[in-house]
Structures are given as C-alpha cells and as structure tokens.
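With the hints in hand, could you dock these two chains into one complex?
The lines below spell out each chain.
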Amino acid sequence: MKIEILDLQYSYPTGVTALNGISLTIEAGEQVAIVGQNGAGKTTLVKHLNGLLQPTSGYVRIGDWDTRQHAVAKLAHRVGYVFQNPDEQLFSKNVGIEVAFGPKNLGRSGEQVQALVKDALAMTELADRTETNPYDLSPTWRKMVAIASIIAMDTPIVIFDEPTTGQDAVNIARIARVIERLSAQGKTVITITHDIDFCAENFARVVALTQGRVLLDGKATDVLGQAEILATTYVDPPQLTRLGKRLGLDQTITNQAEFLAALKK
Amino acid sequence: MALVNLQNVTYTYPITHSPVLQNISMQVNEGEFVAIIGPNGAGKSTLCYTIAGFVPHFFKGELTGTVEVAGQESSKSNLHEWVLNVGLAFQNPFNQISGAKYTVFEEIAFGLENTGVPREEMKPRVEEAMKLTGIGDLADRSPYSLSGGQQQRVALTSILVMQPKVLVLDEPTSQMDPIGTREVFGVIRTMAENGMTVVLVEHKVEWIARFADRVIALHEGKILMEGKPSEVLTSDLLAENGFGISRYTSTAREARNQGLWSKARQLAITLDEAVAGFKQ
Numbered sequence: 001m002k003i004e005i006l007d008l009q010y011s012y013p014t015g016v017t018a019l020n021g022i023s024l025t026i027e028a029g030e031q032v033a034i035v036g037q038n039g040a041g042k043t044t045l046v047k048h049l050n051g052l053l054q055p056t057s058g059y060v061r062i063g064d065w066d067t068r069q070h071a072v073a074k075l076a077h078r079v080g081y082v083f084q085n086p087d088e089q090l091f092s093k094n095v096g097i098e099v100a101f102g103p104k105n106l107g108r109s110g111e112q113v114q115a116l117v118k119d120a121l122a123m124t125e126l127a128d129r130t131e132t133n134p135y136d137l138s139p140t141w142r143k144m145v146a147i148a149s150i151i152a153m154d155t156p157i158v159i160f161d162e163p164t165t166g167q168d169a170v171n172i173a174r175i176a177r178v179i180e181r182l183s184a185q186g187k188t189v190i191t192i193t194h195d196i197d198f199c200a201e202n203f204a205r206v207v208a209l210t211q212g213r214v215l216l217d218g219k220a221t222d223v224l225g226q227a228e229i230l231a232t233t234y235v236d237p238p239q240l241t242r243l244g245k246r247l248g249l250d251q252t253i254t255n256q257a258e259f260l261a262a263l264k265k
Numbered sequence: 001m002a003l004v005n006l007q008n009v010t011y012t013y014p015i016t017h018s019p020v021l022q023n024i025s026m027q028v029n030e031g032e033f034v035a036i037i038g039p040n041g042a043g044k045s046t047l048c049y050t051i052a053g054f055v056p057h058f059f060k061g062e063l064t065g066t067v068e069v070a071g072q073e074s075s076k077s078n079l080h081e082w083v084l085n086v087g088l089a090f091q092n093p094f095n096q097i098s099g100a101k102y103t104v105f106e107e108i109a110f111g112l113e114n115t116g117v118p119r120e121e122m123k124p125r126v127e128e129a130m131k132l133t134g135i136g137d138l139a140d141r142s143p144y145s146l147s148g149g150q151q152q153r154v155a156l157t158s159i160l161v162m163q164p165k166v167l168v169l170d171e172p173t174s175q176m177d178p179i180g181t182r183e184v185f186g187v188i189r190t191m192a193e194n195g196m197t198v199v200l201v202e203h204k205v206e207w208i209a210r211f212a213d214r215v216i217a218l219h220e221g222k223i224l225m226e227g228k229p230s231e232v233l234t235s236d237l238l239a240e241n242g243f244g245i246s247r248y249t250s251t252a253r254e255a256r257n258q259g260l261w262s263k264a265r266q267l268a269i270t271l272d273e274a275v276a277g278f279k280q
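For the protein sequence lines, the chains are A and B, in the order given. If you read the first sequence in the numbering used here, its first letter stands for residue 1, the second for the next number, and so on. If you read the second sequence in the numbering used here, its first letter stands for residue 1, the second for the next number, and so on.
Pulled out of the complex, with its shape left as it was, chain B reads as follows (with noise of 0.2 Å):
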C-alpha cells in the first residue's frame, strides 16, 4: 500500500516565478527505502518539505496536485498534526536544532515534549533513541557546542525519537567522515529493516546502490526517472545530466568505449560488481 502518495504535485515559492517541482507524481509503499538523487537545485529539498508538510504550511506559496500520507492529505491537515506522520531531518541541522534547549538530551525530547508525550515515556524513548545513534556521551553537551557530524545525529536522532510514519532524511551525512557516515547509514538501514518508510535525498551513490529499493531521480523539479538502483545508477541519462555517478560506473563506462567492458554487462553500481565485471 502507498504509504506517500504524491500526485501531479506543482509548488512554487512565493515572490518566485517559476515552479521548484513540476507536475511530480510518485508513490512510497509502508516499509520501504526510497532514494532520491538529483544535481543542485533539481527541488530536492523542496521535495522533502513537501512530504513533511513545510510546504505549503509553513513557506507558504502555491501548491497544486496532492499530496497524502497514511491516507491524510497534507493540504486538509495542520503542520502540527502532520509531524506525527511525517519526520524531515533537515540538510543542515544548524537550521533544525531548536535553539531552546541547553543540553543534547533536552533538544532531542523537544518534539515529545511538544506533542505531548507523558514524561514517564520520555525519558526512555529519548535514550533508546540516542543509543540508537551513538549519541549518549553527548547528552549533557549544548547542542552548538557540536561538530557539523555530531549536531547532524543530534538532527536525525530528534525525528527517530518521534516515531514517524515515514522518516525523511535530506543529506543526513553530508557533513560527517566516513566512518559517521557508515554508522548513520547503518542506523538507516536498520531502521528501514525494522519496517520503517524512509525517503532519502543523498549524494553518496554508493550508499545509495547498497541499500535503497529504489531510486527517483530528479532534474529541474521533474522525474527524469525511477526505478531500481541497478537500472537508475548505470543510466547514461544521469551522466548526461550532470547527476553524480559513482567512480565504478564511470570507469566501467569508460571501459565499455574502450572495450574492455562486456557490452552485454550492466555497467557497476558496487565494488563487488566492478570486481566482478573487469575479472571477467
């Protein structure tokens, strides 16, 4: 069943002139992991708040088309109902940490204690939530006392803790090292494996090609196209249109024109596949 149900959405920010999204149409099914790429300014991000619900309550501007989650339509519904359906980790978590709150642990039970979830269950939901993350050492720390990578598990740590029907994630690692980004990535997944929705907006192809179900790929606010990672990612229409590619897709490309790839090989999303195709 389609969780998200997006249909001939249209938005346009306000004091703008032309539309970020064009006329998108797109399903997400309960339990699955959705990715979506795109180059700068494809209306990613503006995507993301879309499906939580910022727009158009909170950044106003014209919306046409709909948008459901759960069977609710965003248009009918309050932002505050909606973040019980929806959580949106923002890219840059600058912009999502409260500033209300002294201590890591505060800000992370913010969104309970606003929704009002009894403190009894506080308490625990907040500590599950940043076990789940690797963020206990820094309950007692001022959220702006934190690095870029610890204030973005702090970002996605206080949307887990809500419980949302989907979770929504723009460039949750963008600003960690490797191994933040695997951690988090594995948080993801395991989350997703747990049965949880997730849409997520990454650049990290490789993370994307080992984990999502699917992938929609989006330029100048329209689907140029969807499907699996393995048809998306080795796409020539993604390359054409300045979308990143991971290095074993552009070698194995390259190697193709020069022969040394099986043209009757789907070019490589993955190490293992990369591996295996130049072996053969």
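So that you can see chain A by itself, here it is in the shape it has in the complex (with noise of 0.2 Å):
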C-alpha cells in the first residue's frame, strides 16, 4: 500500500514546529529506515502515519485514505504501530489475550484470530509463552510481545520506533528476522533508529531528517556514504562503511558481506 505525504507541517500546541514540510513517496513493500537527531521529528512524523497527528498543513495518504477524513481506528486496519517502549503497550493478562486484542478490535473472526496470533507469537518466537504473563517476562521478550501484537494486526504498513534501543545482539538478531519476513510477505516496514550498523544492514531505502525537514533520502548506499551531510543531522555513517572510505574503497559498503568481496577486488 502506497504511502503520500506531501508538504507535511506541523506544530504542537505549545507552538513549536516540528515538521517543515515532509514530502515522501513509500512504495507498497519498501523497507525504510528513518534517521536524524534527537528532536529531528521522527516520532512526530511516524505518528501522523496512523493519525495519533493530524497534519497542521500539508496531508498524509494512506493508500487512498486521507488521515484526516479517517479516525486512528480505522487506519489501524493499514497501518500498525509499535512503541518504543513496550510498557506504553502492553496491558493484558497473558501473551495469548494480549496479541489477540488488536486483530479481535479489527473485527476478524474467532479463527482468523487463532490464526493471526499464531503466525505473529511464531515470528518472534514466543509460541510457548500464550499463557505467561507480558511482566513476567524479560524487556528483551516484552518487546517481542509488543511486536508480536502488532504483527497479528496483518496491516500492509509496519512502523517501529527505535526496535533496538535496550537490546542485545541476540534479540536484534531476532528483530532483523522479523523485519526480514514482513518483507518477504510484501509488507511496508519502517523503522525509526538510531543505530545507523543496524539500519545498514536491514533497510534498503533511509531517509535522513534534520529540524522537521528531509535532509537525504534515497537508497541506504547513497544516503550513507554521504558522511558530511549527516554529520549534520548527528548521525554518523556505519561501522563497516566508515572503515571501507578509510581504506579508500571505491563503493559505499553497509554490511559484512560487501565489504569482504570488495576487499577481496
């Protein structure tokens, strides 16, 4: 499902603006990392995605829905949207009841349901823990909770918001694999992060904000050798791409793969 936002402002009531006119194109299935510094307005962007924002000018097309004739429940049938923290998210009594609330509220049937909840608690892994309580559970796996509850949504459009703060390398390992699947089932995935190594290695498209404004977008080769411009939004450019420019390779390289076989030309 295709996604338009076009010349996008907006302002909080305490007056400070914070987009500055967004213009973007995402196609149905494309994997988009967003980056910039904190107060770039990446949250403030995601959020008018799903309609928690209503553009101050400017719109948002979610497929042919506008976001401003549509109430967040019914965009929640297109587009999901996971929490950076999974505490703001999580509330129910076991996992089962928990990734089942979203699909139930979607107005799926009882099997559908049963359906849905098993693909999205085998995707992160958590099949054997329906009847564990979310706070029993491990940050680490909380947060695959949440994602699991979203996922059961089965919107065509995925949003997470910094999936990998707080987590260590097994559980962003485990994440990529997520993000990796939704891909493969032709769904829209995009991503907020500040880890520019994971970003560089899970997304082929990135766009770079800087002060409510677009400041790169293209795709994540272009985007992420360009170690000057994104000094400007306080990003810096991934590990592996970094140590290829110091050693005077000719590609701009995201991941381990690329940059052994250019080592090896």
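The set of hints was computed from the structure by calculation and includes no laboratory data. Please note: incorrect hints may appear among the correct ones.
[Unchecked claim] Think about it this way: if two alpha-carbon atoms lie no more than 20 Å apart in a straight line, the pair counts; the simulated PhoX-like pairs of lysine-lysine are: (1) A:93 / A:104; (2) B:279 / A:264; (3) B:165 / B:76; (4) A:93 / A:47; (5) A:264 / B:263; (6) A:74 / A:93; (7) A:245 / B:165; (8) A:264 / A:245; (9) A:265 / B:279; (10) A:93 / A:118; (11) A:245 / A:219; (12) A:74 / A:47.
[Claimed, not checked] Coverage of chain B stretches by chain A, computed from C-beta distances (three or more under 8 Å per stretch; other residues unrestricted): (13) 6 to 14; (14) 121 to 127; (15) 236 to 249; (16) 267 to 278.
Ideal Cβ placement from N, Cα and C applies to all residues, glycine included.
Spelled out as structure tokens, the structure:
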C-alpha cells in the first residue's frame, strides 16, 4: 500500500514546529529507515501515518485514505505502530490475550484471530509463552510481545519506533529476522532508529531528517556514504561504511559481505 | 586500592527461585573505569543495584557474600548512608526522576536537599553539574516534558552533583542519538580522568573499546571473563555466548577465517585497529 506525504507541516500546541514541509512517497513493500538527531521530527512524522497526529498543513495518504478523514481506529487496519517502550503498549494478563487484542478489535473472526496470533507468535519466537503474563517476561521478551501484538493485526504497513533500544545482540538479530519476514510477505516496513549499523544491514532505503525537514532520501548505499551531510543531523555513517572509506574502497559499504567482497577485488 | 570489593556475591530476588547473581567476586580500584557487558538477563542491572545498595536494602531478597565500598560493608549500612558512597544512574531515567519536582534544576538539587547540603553550596553545585553535562538550557523545564535522551542527561546530572565515590551507570546513553552519546561519553571520560571511579554497563562496545580500563563480561549471572578491552572484546567466547561485539571485530574475525586478516594479529576493536589490520 502506497504512502504519500505532501508538504507536511506540524506544529505542537505549544507552538514548537516539529515538521517543516515533508514530502515523501513510499511504495508498497519498501523497507525504509528514518534516521536523524533527537528532535529531528522522526516520531512526530510516523505518528501522522496512523492518525495519532493530524497535519497542521499538507496531507498524508495511506493508499486512498487521507488521514484527516479517517479515525485512528480505522487507520489501524492499514498501519501498525510498535511503540519504542513496550511497557506503554502492554496491558493484558497473558501473551495470548495481548496478541489477540488487535485483530479482535479489527473485527476479524475467531478463526482468523487464532491463525493471526499463531503466526505472529511463531515469527517472534513466543509460541510457547501464550499463557505467560507479559510482565513476567524480561524487557527483551516484552519487546517481542509488543511486536507480535502489532504483527497479528496483519496491516500492510508496519512501523517500528527504535526497535533495538536496550536490546542485546541476540534480540537485535531476532528483530532483524522479523523485519525480513514482513518484507518477504510484501509489507511496508518503516523503522525509526539511532542504530545506524542495524539500519545499514536491514534497510534498502534511508531517509535522514533534520529540524523537521528531509535532509537526504535514497538508497542506503547513496545516503549512508554522505558523511559530511549526515553529520549535520548528528548521524555517523555505519562502522563498515567508515572502514571502507578509510581503506579507500570505491563503493559505499553497508554490510560485512559487501566489505569482504570489495576487499578481495 | 580496591574501592569496590565484592566477594562471593550470590543474590536472589524475592519470590523467585534461582539466583540472578552467582558467586560474583570483583574489585574496582580507585580511579578505575570498568565496563560491564553481557546479553540481556545476564544480571548487569542487578549488579549495578548491588554495588549501589538497592540490593538488598530496597529490593530485599536474599544476598550472601560481602559487598564493600571504601571499606564499609553494604549489609551493615543504611541506604541513606550508602548514597554518599555510590551514585547510580538508572537504565530507564523515568524510574529515577523523583516526580516531586517541577523543574530540572530542582530535580538535580533533590539529592543534595535530602543529604543536608547547605543552600548556598547547593546552587553552584547544581549549576556546575548542569554545565558539565550541557543541560543548562533545560533548567526551568519540567523533567517530564523532556525527550528520552534529555531525561537521561538529567538523571546522570542528578547523580554527578552528589559527587559520589563511585559512579555506577546503567546504559546511560540507551535513548540518545550518536552526538548525545558522544557528549555523554565525553563527560564520563572527563570524570574518569579527574579520578572518579566508574562502573559502566553498556552495549555500545565501540565506546568501551576506546575508554574503559577493564571489561567484565557477565553471562547468566556469572563472570565469564575479565581483562583489558582488547583481550575481552576480541574473545571468541563473546561471539559464542550472544554478546554484542563491534562490526570491526566480527568482520576481522570473518576476514581471518577467509585468510584476509593475519592470524598473528589481534582482532580489531576500533576503527583505527581495523584500518591498520586491513592495510597490512
């Protein structure tokens, strides 16, 4: 499902302008990372995609729906949003009920809900935890419950807000596998992240924001190599991109396989 | 001299059955900068709570072994005495902010008020600490109106202002952008260079590689290994046990497997080491 954002401006009631004319088109099935310094407008931008915030001017279209004309509850059929902090999202007494809540509220049948929950729990490696209270799980696994509860809604667009914050290497790899599988299903995945190495390894397209505007937008290999421009929004290129540059490799490196291949040339 | 000394510490939280920390013995010397790494669930935060006295004084549960800081024993002290020894910046700043103060300035003064620091001394200390962490412009804001990264700086500042003997930091930059991370590590490094004893839990190994004197790798409640950053962070044991390692290290290891990195050379932990190794 296509996302169209045109000249989006947003000012908070306090008068602070967070978005200052953003235009972006995201095609169905793209994997997009949004990067930029704290306060660049990343979270404010994605909150427009499911109607949590309404444009001060400009518009956001999710497929043929203009977000100004549809309630958050309706937009939830198209856009799933995984919060940064799972504790702001979880409330049920066990994992199974938690994950079923979303699809039930979208009006899916009992059988459909069961199937969606099963798939979501399998993808997040939680299949054996349906009876567990989410708050008896470690923060790592609570994060996976939060992700599962959004995946189960089976929306064509899934947004992750800082999915790797506070996660260890094993769980970051687990989250990367979830993103890969969602992409394989043809879903659009949009992720806000400060983890630029994670960004390089898992996203084909990168949008860098600064002060409520789009600073760079393009293929990861095009965007992540532009160290000087990225520095203006306080983003360092990924470790292997920096290494490739220091070694004088011609291409912009985003992952280990590319690096070793380039080194052998 | 060991300022922090843990001997055979085993700790079990209330209502749980298995210990989170198992027979931990470790020392931190005065002025030393020790980093603690480990997968989630390894016991890193619990170890921080233990050094800071929250375990067992606040969390209760069962602690065996001894925890000493500056020659005093934790189990024989009160938490309100212990806060003068050890300052802990929580992993989630939201859990640390008092909720009793309307401005960042007052929030940072909160610990000083509670330890009876005279008013005329309080103000310059708060101002100095805020200057150090670069949050002077937030003085009049509500602690709850701040972003995660800003809250983390407030939480760190409110500990620094107490001038504890030992600074314990539990992932102090987890919610910060790279520049915020760099600045906070700059502050921590300055503190360390001025002789502050620092215990830091951190996933961002690139910073540990550059700053820490020593690294302790914690795994399933036990110390898996400890030593210099260059020894610990390049160990195969870490990769095998789910520790986060830098791309420089993992790429150098894979390059070594493919004959592109000299077997005689230690794996890289920093950009400069990787550049040197691959140029060879």
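Query raised in the report: Are there three or more residues in the region 6 to 14 of chain B whose C-beta lies within less than 8 Å of some C-beta in chain A?
Result: It is violated: at least three residues are needed, and the region 6 to 14 of chain B offers just 0 whose Cβ sits closer than 8 Å to chain A.
Query - Given pair status - residue 47 (chain A), residue 74 (chain A), alpha carbons within 20 Å - result: Between residue 74 (chain A) and residue 47 (chain A) the Cα gap is close to 14 Å, so the pair holds against 20 Å.
Requested in this report: Report holds or violated for chain A covering the region 267 to 278 of chain B, Cβ cut-off 8 Å, minimum 3 residues.
Outcome: holds (count 4)
Query - Restraint status (C-alpha distance of residue 93 (chain A) to residue 118 (chain A) at most 20 Å) - result: holds (18 Å)
Requested in this report: Would you mind confirming whether the straight-line C-alpha gap from residue 264 (chain A) to residue 263 (chain B) stays at or under 20 Å?
Outcome: Answer holds: residue 264 (chain A) to residue 263 (chain B) is near 17 Å, not above 20 Å.
Query raised in the report: residue 245 (chain A) and residue 165 (chain B): Cα distance at most 20 Å?
Result: Judged against 20 Å, a Cα distance of about 43 Å means the pair is violated.
**Report entry** Distance restraint between residue 74 (chain A) and residue 93 (chain A), which requires alpha-carbon spacing of 20 Å or less
**Finding:** violated (26 Å)
Requested in this report: Check, residue by residue, whether the region 121 to 127 of chain B contains three or more positions whose beta-carbon lies closer than 8 Å to a beta-carbon of chain A, and give the verdict.
Outcome: violated (count 0)
Query raised in the report: Does residue 165 (chain B) pair with residue 76 (chain B) here, judged by a C-alpha cut-off of 20 Å?
Result: Holds, because 18 Å separates the two Cα atoms, which is no more than 20 Å.
Query raised in the report: Do at least three Cβ atoms from the region 236 to 249 of chain B come closer than 8 Å to Cβ atoms of chain A?
Result: holds (count 7)
Requested in this report: Would you mind confirming whether the straight-line C-alpha gap from residue 245 (chain A) to residue 219 (chain A) stays at or under 20 Å?
Outcome: OK: residue 245 (chain A) and residue 219 (chain A) at ~18 Å, within 20 Å.
Query raised in the report: Going straight from one Cα to the other, do residue 264 (chain A) and residue 245 (chain A) come out at no more than 20 Å?
Result: holds (15 Å)
When the structure is compared with the earlier hints, violations turn up for hints 4, 6, 7, 13, 14 and for no others.
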